[in-house]
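Whole structure, please, built from the sequences with the hints as guidance.
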Amino acid sequence: MILNKFARYALILLIIIVCAIQLPFFYYKTVHKPTGSPRFYYSPIIEDFAIMQHSNGKMEFRDNQGNKYNRRSFEKILPFQFYRDLSKWGVLPDTICGLAIDASVIHHNSTRYRLMGKDFDLPQIKLYPLFESESDFAQLQFPSNFFRINDKIEFITASENKIDEELSEKFNTALIKAEFKFPAKIIAGLPTTKKPFDEGYFIVDNSNTVFHMKKVKSEPSIVKTPIPQDLDIRKITIQETVTQKVYGFLVTNKDEIFMISYDNYKLLPIELDDFVADKMDLAIGVDPLFMNFTYDDNYNFYSAVYDTNFQFIDKMKIAMTPKKEKITEKVKYALFPFSIKTSDSFSNLKQFKFNMHSSLSIVGIILSLIIGFMVKIKRQEDLKSSWFDFVIIAFTGVYGLLGVIFIKTDIWD
Amino acid sequence: MFKSLFEKEWIKLRWVLLAYIIIGYAAIFSIGSDLQYGIKMHGAVKYWSNVITYHTNFFSILKYLPIFGAITLAVIQFVPESINKRYRLSFHLPMNEQKLLIFMLLFGIVSMLLLDVLIALGLFVVSGMFFPSDIVSISLVSIVPWFLAGIITYLGTSTVVIEPNWVQKVVIGITTYFTFELLMAERLFTQYNNVLIYYFLITLIYGIIILFPGHRLRKGSK
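From first to last, the protein sequence lines are chains A and B. For the first sequence, the positions run 1 to 413 when our numbering is used. For the second sequence, the positions run 1 to 222 when our numbering is used.
Everything labelled a hint here was simulated from the structure, so no lab data went into it. Be careful, since some hints might not be right.
As the list claims (entries may be wrong) - Below are the SDA-like pairs computed for lysine to any residue, each with C-alpha atoms no more than 25 Å apart in a straight line:
(1) A:195 <-> B:46
(2) A:152 <-> B:45
(3) A:126 <-> B:57
(4) B:46 <-> A:62
(5) A:245 <-> A:307
(6) A:88 <-> A:62
As the structure is a computational prediction, the values presented were derived from the model and not from experiment.
As structure tokens, then:
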């Protein structure tokens, strides 16, 4: 009998778990509206921030002083971002801040980097293609093999699914000669042919030394970089761009961020207020004069601008209504005492996170208890013997109510 | 007693189990054939690169096999018991109904697990012919959520079939659907590694729920 009773509670527990996952999500999909995330630019014309934001169903253009623009005048103060339109209209200035420009100059001195919060736990298959960095051809070509680093480096030829002993030995010897300590902790590169050239991989070895590995004319090129070993590196992102100013950037476990310069791997620190690497998305827009670091956690939007010599220029922040203060969230907290999240916008991994909601949940729990009581009275159930059903509702609110109502109690003896 | 029950379940389920493994190996053969063709046409480098960079799932044909297998298995095993409440005849056996139901479920689960292991072995062999161990091991880990979803579906469907009340049948069916569906939402390999333990615990909870409709059948509840 006890097992049978237990089986009913197990069934109710499953209903509670499924409801705690699905109902808040269904509610979110029903009531959620776009937040109108702002997009920040830094204008060299007005020397201030220009902001583009969806509001009340239409796009608003303004600057940091509150001046409003139409789309055309907004684009005119941002020649580096909208130079194609300005060229078409014949209004692209010849010089900006003393710099002679045309569409080609802007194109070749502009780039964009991205670092998403979810990049930090991206599941990886640890096999990497090592491109020829000084190819005789203009277009990069995929190599015939992929490398992995465990207690040594191994190149595996894809067509044969076999280790290329000769190439592996060549790179192994070069790495050992450069004092590389196996295995690798981080291997960072951009494994695509859709880039203008190849800079190989930045590899953090087992003693936290950063090495720069490339294949040059089929030979290994290993550089032991002067990047400090005590940085506690969390991630390195490499992105080859035509501007050739920085290899990419490096993030530490203390959420410090550095650009890795082409000048002997010099680290250029970037100060970003409140930056939490794995809980924010970061975009870096580089133009001929400025580098604009914009980052957000979906509710707080930041921008920090540096010049191309990495000198700080300006920063700003726009805070949207915090999640907890939104009416829709408050209704959610009243309806559902807790929720189970199985995904996270800043993670690539599946989650199973239990989130307690606020004290507002008491409203939903009391209502659920009343409904549960009325249903049991109507069904003429023995309230005394089903006391545990009320305990379930008291702890799980509407989820427990659904379980208790649908999975009726039974005659146990 | 257990030997007789084993024989009864074996006679009832042997054809569906045989069909499961034949379809499983047809899928494995199809994976091997697709890999051979894809690599021949596009080159091994391109194929490897897609798997490594974009997590192209070359074994996705296996995804719903455990779900369909589980539903078929549960229906064939438990529908004959539920027609005209035939299951109640077993109350005259010298064994209590809880043990009987648990034995039947264990027979189904162990059979499914054995066949899943054989299918995983097939995937191991076929993917090992074209890919290095780094990709093979990740493929094997990535099919675990689908197999777990299969076990949950088997346990949920069995409970739905045995349950005498239609409203409760629907509620248990919906709950089962929304549980196994959670395990089928992968975009990247090994995305579920951190949470498999929670779904394993949920599977254990599913393992016991059939006792409730079993009890209700015995009592003649509606």
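Checked against the structure, which of the hints given earlier come out wrong? 4
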